[in-house]
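Chain S: place on chain L using the hints.
So the protein lines, in turn, are chains L and S.
Numbering-wise, the first sequence is residues 23 to 139 according to the numbering used here.
Numbering-wise, the second sequence is residues 1194 to 1310 according to the numbering used here.
It should be emphasised that the hints constitute simulated quantities derived from the structure, not laboratory data.
Because the structure is a prediction, the values reported are computed rather than measured.
What you were told as hints is all true, and nothing was included just to trick you.
FRET-style restraints, in silico, Cβ to Cβ:
(1) Arg1208(S) to Thr31(L): 26 to 32 angstroms
(2) Glu48(L) to Ala1246(S): 27 to 33 angstroms
(3) Ser1198(S) to Tyr86(L): 23 to 29 angstroms
(4) Val1205(S) to Glu37(L): 36 to 42 angstroms
(5) Leu1232(S) to Ser83(L): 29 to 35 angstroms
(6) Ser1251(S) to Thr52(L): 17 to 23 angstroms
(7) Glu1245(S) to Thr53(L): 25 to 31 angstroms
(8) Glu39(L) to Glu1261(S): 43 to 49 angstroms
(9) Asp1256(S) to Glu32(L): 32 to 38 angstroms
To list a few chain S residues with every Cβ distance to chain L over 12 angstroms, as calculated:
(10) Val1205
(11) Ala1206
(12) Gly1209
(13) Asp1211
(14) Ala1213
(15) Asp1217
(16) Ser1220
(17) Gly1221
(18) Pro1254
(19) Asp1256
(20) Phe1259
(21) Val1267
(22) Thr1269
(23) Gln1273
(24) Glu1278
Straight line, CA to CA, 30 angstroms or less: simulated DSSO-like cross-link-like pairs of lysine-lysine:
(25) Lys1250(S) to Lys60(L)
(26) Lys25(L) to Lys1271(S)
(27) Lys1271(S) to Lys1250(S)
(28) Lys25(L) to Lys1250(S)
(29) Lys60(L) to Lys1204(S)
(30) Lys60(L) to Lys1271(S)
(31) Lys25(L) to Lys60(L)
(32) Lys1204(S) to Lys1271(S)
(33) Lys92(L) to Lys60(L)
Note that the Cβ used here is the ideal one computed from N, Cα and C, for glycine as well.
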Amino acid sequence: AQKVTQAQTEISVVEKEDVTLDCVYETRDTTYYLFWYKQPPSGELVFLIRRNSFDEQNEISGRYSWNFQKSTSSFNFTITASQVVDSAVYFCALSEANTGTASKLTFGTGTRLQVTL
Amino acid sequence: GAGVSQSPRYKVAKRGQDVALRCDPISGHVSLFWYQQALGQGPEFLTYFQNEAQLDKSGLPSDRFFAERPEGSVSTLKIQRTQQEDSAVYLCASSPRVYVGSNQPQHFGDGTRLSIL
Chain L
23 AQKVTQAQTE
33 ISVVEKEDVT
43 LDCVYETRDT
53 TYYLFWYKQP
63 PSGELVFLIR
73 RNSFDEQNEI
83 SGRYSWNFQK
93 STSSFNFTIT
103 ASQVVDSAVY
113 FCALSEANTG
123 TASKLTFGTG
133 TRLQVTL
Chain S
1194 GAGVSQSPRY
1204 KVAKRGQDVA
1214 LRCDPISGHV
1224 SLFWYQQALG
1234 QGPEFLTYFQ
1244 NEAQLDKSGL
1254 PSDRFFAERP
1264 EGSVSTLKIQ
1274 RTQQEDSAVY
1284 LCASSPRVYV
1294 GSNQPQHFGD
1304 GTRLSIL
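In isolation and in its complexed conformation, chain L is listed as follows:
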């Protein structure tokens, strides 16, 4: 069975601070995908990134970066120079690799990030 753990329930930072959101996952699959989604107060889940389990290269997109460590089953997300607009709940998710049909997502419980001035 697949499982995603986000141990940090809530994080508060002051604007311009860097913040890292932790994600640890469990799966028996040798091939899988990892995702991060952002859920602002409006409720819509906004896709941020997808990683294939074969690709352990870290990725940077603007102020966002992701650190995938297969050896520790972690896929952490860092926001550099946080802004108030980054305030949201962030979800890490896992799916098995595509086998010809789309795969359901297994989500963690989310980390609520509060960025204040």
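Chain S alone, transformed into the frame defined by chain L:
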């Protein structure tokens, strides 16, 4: 519209009533998913359609839950004889045509917040 559209945005029903929740996926998206998100939790998978075929309904919590997508586009999630524990946000997601070896990210709607009194 360009995104996944769900209606109604909010639904209040008395215990025992039947409810129907609608999802309009992104045009041309083959895959459609329903998730249930309880307060303070991550979304949990309910069911999956590829076109009009319901390929996975393993997440439906009871036989009171029923989903359909008769023409491979709009989908309806129906809950019969609602119970208080059905109160949650119901999220719909769609993704494009699936190619072997890929797993397209799912695009989510804003959800329907269901409250059972």
